[in-house]
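Novice: Below, each chain spelled out in residue letters.
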Amino acid sequence: MAEAPSQSVLEDTEPHLPVDPDLFEAEMNPHLDALYRNALRLVGNPNDAEDLLQETYLRAFRFFHQYQPGTNAKAWLFRIMNTVFLNDYRKKVRQGETVSYDGLEDFYLYNRVVEDAGGIDRPQIENPQKAVLEQLDIEMIQRAIDALPIEFRDTVALATLEEMSYQEIADTLEIPVGTVRSRLSRGRKLLQRALWAYLNGEETRD
Amino acid sequence: MTDKSTDSKMSCTGIDYYSCEEALNRLNEYLDHELNEGERMVVMKHLEICKPCFSRFSFEQTLVVSLRQKIVALAAPESVRTKLKSLLRKSAESE
Chain A
25 MAEAPSQSVL EDTEPHLPVD PDLFEAEMNP HLDALYRNAL RLVGNPNDAE
75 DLLQETYLRA FRFFHQYQPG TNAKAWLFRI MNTVFLNDYR KKVRQGETVS
125 YDGLEDFYLY NRVVEDAGGI DRPQIENPQK AVLEQLDIEM IQRAIDALPI
175 EFRDTVALAT LEEMSYQEIA DTLEIPVGTV RSRLSRGRKL LQRALWAYLN
225 GEETRD
Chain B
13 MTDKSTDSKM SCTGIDYYSC EEALNRLNEY LDHELNEGER MVVMKHLEIC
63 KPCFSRFSFE QTLVVSLRQK IVALAAPESV RTKLKSLLRK SAESE
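Just so you know, the protein sequences line up as chains A and B, in that order. Reading the first sequence from the start, the letters are residues 25 to 230 in the numbering used here. Reading the second sequence from the start, the letters are residues 13 to 107 in the numbering used here.
Next comes chain A alone, as it looks inside the complex (with noise of 0.2 angstroms):
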């Protein structure tokens, strides 16, 4: 049995052993959309995520004997992306909005859109839930994200949009799964509140 990695992962002391690309690259990338969506999230833009994801990787093929194979692969990646991250870009982590967290509504968009159907007569529509879930683009789910303020804003997104589970979240982001609840369940709400406002403001755009 290999020696056990130690807890700290990326420590540059550790010795470099050589590792078939090929290998590596069937385990890893089946992760990369992920790894550069999450780049984006952290960074705001494609260019620093083009290079906060090629950091990443590099650095995960350097340490990939530390990687015990059968692990969670995407939680292991997600984590060098955020120590990359915490060491070379603290200075451009983007705080997201100062939000209140003051009536934070239960369902809170399913209630504007029964609300907003119900307002005014609307034969048009049949089934106003789901034509709002159709207005929804990438866009605007990335600036809801965004918005999001810095604590929630990867723990929605982990869970929301990269279906990771609560154990794999608690591992990436090393925080308790308690932890991980807690921000769900302000976050999504926060998230919501985000998604009515940009459905709303964005009316006009086709």
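Everything labelled a hint here was simulated from the structure, so no lab data went into it. One thing to keep in mind: the hints can contain errors.
To be verified - As a list, the in silico EDC-like pairs of lysine to aspartate or glutamate whose alpha-carbon atoms are at most 20 angstroms apart:
#1 B:Lys97 with A:Asp195
#2 B:Lys97 with A:Glu74
#3 B:Lys82 with B:Glu33
#4 A:Lys98 with A:Glu192
#5 B:Lys102 with A:Asp44
#6 A:Lys213 with A:Glu139
#7 B:Lys82 with A:Glu163
#8 A:Lys98 with A:Glu49
#9 B:Lys57 with B:Glu90
#10 A:Lys213 with B:Glu41
#11 A:Lys98 with A:Asp195
#12 B:Lys97 with A:Asp57
#13 B:Lys102 with A:Glu51
To be verified - Now the stretches of chain B that chain A is said to cover, found in silico as 3 or more residues with beta-carbon under 8 angstroms:
#14 34-44
#15 50-64
#16 68-74
#17 97-105
Cβ coordinates follow ideal geometry from the N, Cα and C atoms, glycine included.
The hints should help you fit chain B onto chain A, whose structure is shown.
Specialist: For chain B alone, kept in the frame of chain A given last:
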């Protein structure tokens, strides 16, 4: 663990399974497949008999699914993939 009593908007009465509030407290875990089988069944029972919650939960689920479906279109550009591929091999040679 005690919860504050729920607000009137959420209530629907006469339910022997989870109350609306108890179901709501499990909304995220329900959406994220984090409930154990027993809890999931109790939530589903509640949704069977409580139409308002059924509508709300269905909406939440559809929202999550549609966000996911849309965001996957945002992929690492092909140029980046190509670059990573060649950088990886350069890096392997230099070791």
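Novice: Work down the list of hints and note, for each, if the structure agrees.
Specialist: Here is how each hint holds up against the structure:
{"no.": "1", "hint": "B:Lys97 with A:Asp195", "verdict": "violated (27 angstroms)"}
{"no.": "2", "hint": "B:Lys97 with A:Glu74", "verdict": "holds (14 angstroms)"}
{"no.": "3", "hint": "B:Lys82 with B:Glu33", "verdict": "violated (31 angstroms)"}
{"no.": "4", "hint": "A:Lys98 with A:Glu192", "verdict": "holds (8 angstroms)"}
{"no.": "5", "hint": "B:Lys102 with A:Asp44", "verdict": "holds (12 angstroms)"}
{"no.": "6", "hint": "A:Lys213 with A:Glu139", "verdict": "holds (17 angstroms)"}
{"no.": "7", "hint": "B:Lys82 with A:Glu163", "verdict": "holds (10 angstroms)"}
{"no.": "8", "hint": "A:Lys98 with A:Glu49", "verdict": "holds (13 angstroms)"}
{"no.": "9", "hint": "B:Lys57 with B:Glu90", "verdict": "violated (47 angstroms)"}
{"no.": "10", "hint": "A:Lys213 with B:Glu41", "verdict": "holds (14 angstroms)"}
{"no.": "11", "hint": "A:Lys98 with A:Asp195", "verdict": "holds (10 angstroms)"}
{"no.": "12", "hint": "B:Lys97 with A:Asp57", "verdict": "holds (14 angstroms)"}
{"no.": "13", "hint": "B:Lys102 with A:Glu51", "verdict": "holds (19 angstroms)"}
{"no.": "14", "hint": "34-44", "verdict": "holds (count 5)"}
{"no.": "15", "hint": "50-64", "verdict": "violated (count 0)"}
{"no.": "16", "hint": "68-74", "verdict": "holds (count 4)"}
{"no.": "17", "hint": "97-105", "verdict": "holds (count 6)"}
Figure legend: structure checked against the earlier numbered hints; hints not met, in rising order: 1, 3, 9, 15.
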